[in-house]
Amino acid sequence: MAGSALQSLPKPRPGWLLASAGLAVLVMLGAAAAWRRRRRLRPGRRELKAVGRVSGLFIYPVKSCRGVAVERAEVTELGLRNGDLGDRCWLVIKEDGHTVTARQEPQLVLISVSSENGCLTLRAPEMKDLHIPVQLSVKNPVQNCRLFGFDVQGRYCGEEAAQWITTFLKSEPYRLVHFEPNMVPRNSKDLMEPFRPTDKIAYPDCSPVMVLSEASLEELNTRLDKKVTIRNFRPNILVTGCSSHEEDTWDEITIGGAEMKGAMGCPRCILTTVDPDTGIMDRKEPLETLKSYRLCDPSERHIYRTHPLFGWYFGIDKTGTIQVGDIVYKAI
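By the UniProt record's numbering, the letter at position 79 of the sequence shown is numbered 79, and the numbering carries on one by one without gaps.
If you are wondering where the hints come from, they were derived from the structure by calculation, not from laboratory data. Note that beta-carbon positions come from the ideal geometry of N, C-alpha and C, so glycine has one too. Hints are supplied without guarantee of correctness; some may be wrong.
[Stated by the list, open to error] Using 25 Å as the maximum straight-line C-alpha spacing, the simulated DSS-like pairs for lysine-lysine come out as follows:
#, residue 1, residue 2
1, Lys94, Lys49
2, Lys227, Lys291
3, Lys318, Lys200
4, Lys189, Lys200
5, Lys226, Lys189
6, Lys226, Lys49
[To be verified] Each pair of labels, with its calculated beta carbon distance range:
#, residue 1, residue 2, range
7, His98, Ser243, 37 to 45 Å
8, Lys170, Arg146, 18 to 26 Å
9, Lys227, Asp251, 42 to 50 Å
10, Thr321, Ser292, 35 to 43 Å
11, Gly83, Phe148, 24 to 32 Å
12, Glu193, His98, 23 to 31 Å
13, Val184, Gly320, 17 to 25 Å
14, Gln135, Arg283, 36 to 44 Å
15, Lys139, Lys226, 47 to 55 Å
16, Phe148, Thr278, 21 to 29 Å
17, Asp251, Thr121, 36 to 44 Å
18, Gln135, Arg305, 34 to 42 Å
Based on the provided sequences and hints, a complete structural model is requested.
Here it is in structure tokens:
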């Protein structure tokens with residue numbers, strides 16, 4: 001019986017076999033490291049190259065109001081979200097449903113927004129804070145809104161919110177509405193041809209995400225007498241470590257767990273001339289300077305007309321979490 005037990009024990013393996021096994025492990029580890037260095041978007045996609053780093057993330061919960069800087073955000077199919085704060089998910093409208101932005105009411109940029117304990121809080125100079133529940137009562141009516149020629153829904157945030165905004169702006173009666181998750185989003189391609197049918201938005205102008213580099217802003221400021229800040233341009237993702245306007249060349253990018261597809265340049269309008277600190281519209285700068293060197297190629301004039309381009313719009317290929325400090329990879 002002892003002999004049988006001895007026969008069942010494994011025999012010592014030759015040294016060359018152990019060495020081969022060790023080499024195989026090293027090869028596997030090396031391959032894994034190489035894969036991490038040469039990440040791919042998805043099977044069949046191109047390899048990725050690091051081109052910059054995220055230096056800022058911004059969500060603009062109420063369209064045309066101040067942005068909220070966040071350290072981390074979820075990239076959803078409709079754009080960035082942090083907790084209850086989704087990008088451009090609240091909208092100021094006239095009583096007939098037509099949209100009101102800082103193009104018509106520049107002082108909207110003075111309203112700051114925050115969220116805590118299920119409430120949206122709006123603050124403005126010389127106004128008492130306004131608190132609105134994020135989850136509105138189903139008794140609040142759903143309003144049909146008109147945004148850049150297309151219909152979209154929003155649930156009425158109530159008379160208190162309407163009166164607060166109207167009082168602050170000293171305007172005709174305005175209302176505040178909220179885009180809820182069950183509502184039908186707008187299609188970016190209906191607004192601008194370069195987008196895809198899969199690109200969806202709530203109340204942004206036309207794109208789920210806008211990316212801008214610090215270098216692009218720095219170059220612009222070398223041409224201006226009065227410097228402007230990133231708040232004049234309202235990007236969602238600010239990138240450092242790349243050259244000016246390099247973001248224009250990124251066809252596909254990966255940041256954190258999200259993947260995005262470049263669509264088109266961001267055509268700039270008179271909104272960029274609103275001073276974010278005073279709410280006063282200049283109507284000239286920095287727009288006139290941008291027009292001096294950032295107009296589109298003549299072959300694309302049917303898309304951009306006479307609007308200068310500053311920043312780049314992206315659609316969403318894969319949702320995921322991103323954060324400040326993440327490396328930006330482009331497909332090559």
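A quick look at each hint next to the structure:
no.	hint	verdict
1	Lys94 with Lys49	violated (47 Å)
2	Lys227 with Lys291	holds (16 Å)
3	Lys318 with Lys200	holds (13 Å)
4	Lys189 with Lys200	holds (8 Å)
5	Lys226 with Lys189	violated (36 Å)
6	Lys226 with Lys49	violated (36 Å)
7	His98 with Ser243: 37 to 45 Å	holds (41 Å)
8	Lys170 with Arg146: 18 to 26 Å	holds (23 Å)
9	Lys227 with Asp251: 42 to 50 Å	violated (31 Å)
10	Thr321 with Ser292: 35 to 43 Å	holds (39 Å)
11	Gly83 with Phe148: 24 to 32 Å	holds (28 Å)
12	Glu193 with His98: 23 to 31 Å	holds (24 Å)
13	Val184 with Gly320: 17 to 25 Å	holds (24 Å)
14	Gln135 with Arg283: 36 to 44 Å	holds (40 Å)
15	Lys139 with Lys226: 47 to 55 Å	holds (49 Å)
16	Phe148 with Thr278: 21 to 29 Å	holds (27 Å)
17	Asp251 with Thr121: 36 to 44 Å	holds (39 Å)
18	Gln135 with Arg305: 34 to 42 Å	holds (41 Å)
In summary, the numbered hints that this structure violates are 1, 5, 6, 9.
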